[in-house]
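Peer 1: Residue numbers (my numbering), protein chains in the order written: chain A, 1 to 261; chain B, 1 to 354; chain C, 1 to 183.
In short, the hints are calculated from the structure, not lab data. This one's a predicted model, so the numbers in the text were calculated from it and none came from an experiment. From the three backbone atoms N, C-alpha and C, an ideal C-beta is built for every residue, glycine too. Some hints could be false.
Claimed, not checked - Stretches of chain B that chain A covers, calculated by requiring three or more beta carbons in the stretch to come under 8 Å of a beta carbon on chain A:
no.: 1; region: 42-56
no.: 2; region: 257-271
Unchecked claim - Derived DSS-like pairs: lysine-lysine, alpha-carbon spacing no greater than 27 Å straight-line:
no.: 3; chain 1: B; residue 1: Lys3; chain 2: C; residue 2: Lys158
no.: 4; chain 1: B; residue 1: Lys277; chain 2: C; residue 2: Lys68
no.: 5; chain 1: C; residue 1: Lys149; chain 2: B; residue 2: Lys277
no.: 6; chain 1: C; residue 1: Lys177; chain 2: B; residue 2: Lys275
no.: 7; chain 1: B; residue 1: Lys41; chain 2: C; residue 2: Lys157
no.: 8; chain 1: C; residue 1: Lys177; chain 2: B; residue 2: Lys3
no.: 9; chain 1: B; residue 1: Lys41; chain 2: C; residue 2: Lys80
no.: 10; chain 1: B; residue 1: Lys275; chain 2: C; residue 2: Lys86
no.: 11; chain 1: C; residue 1: Lys158; chain 2: B; residue 2: Lys275
no.: 12; chain 1: B; residue 1: Lys3; chain 2: C; residue 2: Lys86
no.: 13; chain 1: B; residue 1: Lys277; chain 2: C; residue 2: Lys86
no.: 14; chain 1: B; residue 1: Lys351; chain 2: C; residue 2: Lys177
no.: 15; chain 1: B; residue 1: Lys41; chain 2: C; residue 2: Lys68
no.: 16; chain 1: B; residue 1: Lys204; chain 2: B; residue 2: Lys193
no.: 17; chain 1: C; residue 1: Lys87; chain 2: B; residue 2: Lys3
no.: 18; chain 1: B; residue 1: Lys204; chain 2: B; residue 2: Lys234
no.: 19; chain 1: C; residue 1: Lys180; chain 2: C; residue 2: Lys158
no.: 20; chain 1: C; residue 1: Lys157; chain 2: B; residue 2: Lys351
no.: 21; chain 1: C; residue 1: Lys153; chain 2: B; residue 2: Lys351
Claimed, not checked - Covered by chain C, per the in silico footprint, the following chain B stretches (three or more residues, Cβ under 8 Å):
no.: 22; region: 175-185
no.: 23; region: 190-197
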Amino acid sequence: MKKIFGYPNSLTVNPTHYCPGCTHGTIHRLVAESLDELGLRERAVGIAPVGCSVLAYNYFNCDMFEASHGRAPAVATGAKRCRPDLIVFTYQGDGDLASIGMAEIVHAANRGEKITVIFVNNAIYGMTGGQMAPTTMPGQVTTTCPAGRNPSHEGYPIRVVELLSTLRTPAFIARAAAHTPLHVIEAKRVIREAFRLQAEDVCFSMVEVLSTCPTNWGLTPSEANKWLQENMVPYYPLGVLKRPDVDETPIPEVAASLKGA
Amino acid sequence: MAKVLMKGCEAIGEAAVRAGCRNFFGYPITPQTEVPEYLAKRLPEVGGLFVQAESEVAAINMLYGAAGVGKRVLTSSSSPGISLMAEGVSYIATCHLPVVLVNIVRAGPGLGGILPAQSDYLQATKGHGHGDYKLVVLAPSSVQEAVDLMYEAFDLADHYLTPVMVMGDGMIGQMMEPVEIPPMRDLDDLPAKPWAITGAKGRKPNIVNSLYLSEVACNANNWKMKEKYDEIVKREKRSETYGCDGEKLDVLIVAYGTMARICNTAMAEVVASDKQKRIGLFRPITLWPYPYEALAKEAEKAKQILVVEMSTGQMVEDVQLAVLGSRPIDFYGLTGGLVPSPDDVADKLRKILT
Amino acid sequence: MQTEVIMSGFGGQGLMMIGKLLAYAGLEEGKEVTWLPSYGPEMRGGTANCTVVVGDRPIGSPLISSPKAAVVMNQPSLEKFAPTLKKNGILVINSSMIPINSDRDDLRSFRIKANDIAAELGNRRSANLVMLGAYIGMEEAVTHETILKAIEKTFEKKPQFVEVNCKTFMEGYELAKAGKSDD
Ligand SMILES: Cc1ncc(C[n+]2csc(CCOP(=O)(O)OP(=O)(O)O)c2C)c(N)n1
Ligand code: SF4
């Protein structure tokens with residue numbers, strides 16, 4: 001008999017600590033399957049963040065670091081620059097990447113570090129019990145915006161991948177979601193592409209994945225999936241924002257100065 | 001006023017409001033997140049300002065700005081976040097700005113864990129950021145004391161124009177106890193701040209700055225800070241003793257914060273089972289300035305000293321400095337979020353006593 | 001006099017809340033109280049507990065290594081805390097969920113079908129109050145009247161629950177008073 005479905009080799013068999021219905025586990029699996037299919041596991045180095053996925057080093061069956069809050073892209077830079085043959089990825093939440101770690105992600109992307117960033121956006125701080133994140137939706141109630149996020153005081157949610165897409169260097173940037181089977185299949189496709197681009201030494205690659213936090217949203221898992229679809233997807237459009245094969249016309253002054261040098 | 005039952009973190013937040021603080025900048029981190037969560041609700045009720053910063057680095061610099069324009073201002077964090085604030089606190093101290101910081105200490109080093117610890121003692125009392133500055137460090141051992149010290153911290157900060165830290169372990173933050181909340185300070189009664197950045201209308205510009213390219217001026221400011229610290233050392237040391245009334249002690253325990261309460265229970269347990277034994281407890285309330293003289297005085301009565309901490313022995317150095325080799329010093333400690341229980345401490349005491 | 005009780009069970013069984021009710025009641029009676037929650041990472045889905053100390057004099061340690069009483073709502077809690085109880089300590093066991101007993105014979109154990117009783121009386125989520133009732137029935141750390149007042153106050157904003165919650169609490173209380181353990 002031919003085996004057509006199995007447990008990814010790039011995941012350990014440890015039960016995760018994620019809450020029922022949380023999509024962190026799904027996203028772990030997509031990363032692991034991609035590593036398996038591209039044959040990268042033995043060269044892969046994951047960088048766990050500080051957030052609910054802080055224990056990711058127990059779940060990915062490859063070498064792992066645990067970084068301080070927000071600094072995973074800097075840790076990744078250190079590892080990748082010193083060992084370009086390794087496949088380095090960070091796995092970060094929205095508090096980790098878009099709040100405390102905003103400087104690190106912008107600069108890693110802008111330097112074009114050949115790493116892969118998996119950015120899990122669940123519009124809240126899960127680990128610390130439901131505080132406002134930079135990605136929290138307008139009007140969304142959290143413990144630190146008890147009257148709902150007020151854009152005139154807290155600003156509008158940051159569209160991280162759009163923001164990074166304004167940079168010239170980073171070449172593969174996409175947004176996917178993990179709340180329905182169809183979305184999961186699409187998310188897998190872009191995550192795999194992101195890793196392939198790193199494996200082929202092409203460019204910085206990043207995938208934002210819209211994710212649920214039923215626990216801190218105060219919803220059942222199925223209500224949470226619905227909430228994501230109705231509230232997050234319209235604000236955070238899905239798709240590939242940037243691809244390396246889109247031929248960029250070089251900035252004339254830069255081309256000139258490079259020629260001079 | 002009637003007592004109310006409050007969680008340490010929330011009581012700390014309320015005490016800040018009562019002390020006339022209307023401005024909070026901070027970032028979530030366990031086990032102190034209830035401070036920002038409480039203030040996110042409470043400050044708007046009194047016309048105050050709550051801002052969730054993007055990081056602790058940003059938060060402490062928001063304090064720098066808010067204190068610079070003359071406002072009473074608070075931040076609260078836990079160990080890793082406090083480490084990130086070190087640079088900013090150094091600037092704030094050098095600029096002679098009053099701010100209040102709360103550190104609800106969790107297990108370290110590194111990411112450590114979220115359970116109670118006392119392993120930031122050296123960071124708070126000896127170093128923290130760079131340069132010749134000091135933090136006033138207050139260490140409550142009950143929710144009531146946390147409230148009282150918070151209330152005072154703002155006055156100390158304003159009086160000495162210096163950062164003040166209230167440092168409790170995770171238990172102080174998470175525990176509920178009945179507390180009496182102090183009255184609302186009249187905002188019109190707060191000290192005037194003529195040095196503040198308010199717009200140079202009808203006066204020479206005020207400048208808040210910690211850059212001294214002239215070595216002479218830098219030296220002068222450092223000695224000006226030192227003078228202030230000497231004054232604080234002279235006036236602000238605080239401590240309490242328990243069971244130290246007699247002439248002689250078999251053992252003098254030195255412990256602070258929640259650990260002191262645990263030791264107090266252990267001490268009572270041991271004395272109850274052996275009435276001959278004389279055990280006393282010395283509890284520093286200010287960790288800086290450290291009450292060396294008061295401790296030395298109690299130590300004279302004791303055959304032996306036992307320091308108990310939720311660390312590998314960070315306060316031992318200060319106890320050594322207090323007794324200057326005149327008494328043997330033993331240590332008992334657990335770390336990583338393990339808390340020595342009354343039974344653990346009692347066992348240790350019995351071992352020492354035989 | 002000082003009473004010390006650990007209340008333990010799965011997160012979501014309402015152990016923190018009955019601990020708070022006891023602490024509120026203690027305060028109401030002018031006593032000294034401390035309420036100390038576990039806040040470790042085990043909170044998520046795992047076992048949660050709180051320790052409540054009620055006394056006439058200022059309380060030393062809020063952390064109790066060998067308590068005088070334990071209220072356990074799931075088996076891991078029984079296995080964890082029964083061995084730590086003081087001699088003659090009180091052990092209130094939720095027999096709806098815990099088939100076993102502690103193997104210690106120096107305890108005052110009381111078994112009560114908290115979940116079943118709560119469901120019968122009309123609020124499945126108040127099994128915790130049955131447990132609190134049984135504990136107060138075994139040891140009047142505070143009087144049951146003060147707890148009833150504390151329940152009223154806590155549910156001020158959800159008045160539809162006051163009556164049924166008081167009833168479930170009293171059911172636990174009376175069964176324990178009458179010594180009707182579910183053995
Ligand atoms: C310097 C520092 N500040 C704060 C924290 C506390 N902290 C831990 S996780 C977290 C937020 C995590 O949220 P997010 O990145 O959105 O991940 P999620 O838990 O939602 O997956 C924070 C603020 C910390 N560990 N270190
Ligand atoms: S708290 Fe939210 S993000 Fe964290 S594991 Fe639970 S559901 Fe997932």
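Peer 1: Hint by hint, note whether the structure agrees.
Peer 2: Verification of the supplied hints:
1. 42-56: holds (count 6)
2. 257-271: The restraint on the region 257-271 of chain B is violated, since only 0 of its residues have a Cβ under 8 Å from chain A and three are required.
3. B:Lys3 with C:Lys158: holds, 24 Å
4. B:Lys277 with C:Lys68: holds, 26 Å
5. C:Lys149 with B:Lys277: violated, 45 Å
6. C:Lys177 with B:Lys275: At roughly 38 Å apart (the allowed maximum being 27 Å), Lys275 of chain B and Lys177 of chain C break the hint.
7. B:Lys41 with C:Lys157: Since the Cα atoms of Lys41 of chain B and Lys157 of chain C sit roughly 18 Å apart, the hinted pair holds (cutoff 27 Å).
8. C:Lys177 with B:Lys3: violated, 31 Å
9. B:Lys41 with C:Lys80: violated, 38 Å
10. B:Lys275 with C:Lys86: OK: Lys275 of chain B and Lys86 of chain C at ~22 Å, within 27 Å.
11. C:Lys158 with B:Lys275: violated, 53 Å
12. B:Lys3 with C:Lys86: Roughly 31 Å separates the two Cα atoms, so the pair is violated.
13. B:Lys277 with C:Lys86: holds, 24 Å
14. B:Lys351 with C:Lys177: violated, 43 Å
15. B:Lys41 with C:Lys68: violated, 38 Å
16. B:Lys204 with B:Lys193: holds, 15 Å
17. C:Lys87 with B:Lys3: With Cα atoms ~34 Å apart, Lys87 of chain C and Lys3 of chain B exceed 27 Å; violated.
18. B:Lys204 with B:Lys234: The hint is violated at about 34 Å.
19. C:Lys180 with C:Lys158: Status violated; Cα separation ~31 Å.
20. C:Lys157 with B:Lys351: violated, 54 Å
21. C:Lys153 with B:Lys351: violated, 48 Å
22. 175-185: Result for this restraint: holds, n = 4.
23. 190-197: The restraint on the region 190-197 of chain B is violated, since only 0 of its residues have a Cβ under 8 Å from chain C and three are required.
Of the numbered hints listed earlier, those contradicted by the structure are 2, 5, 6, 8, 9, 11, 12, 14, 15, 17, 18, 19, 20, 21 and 23.
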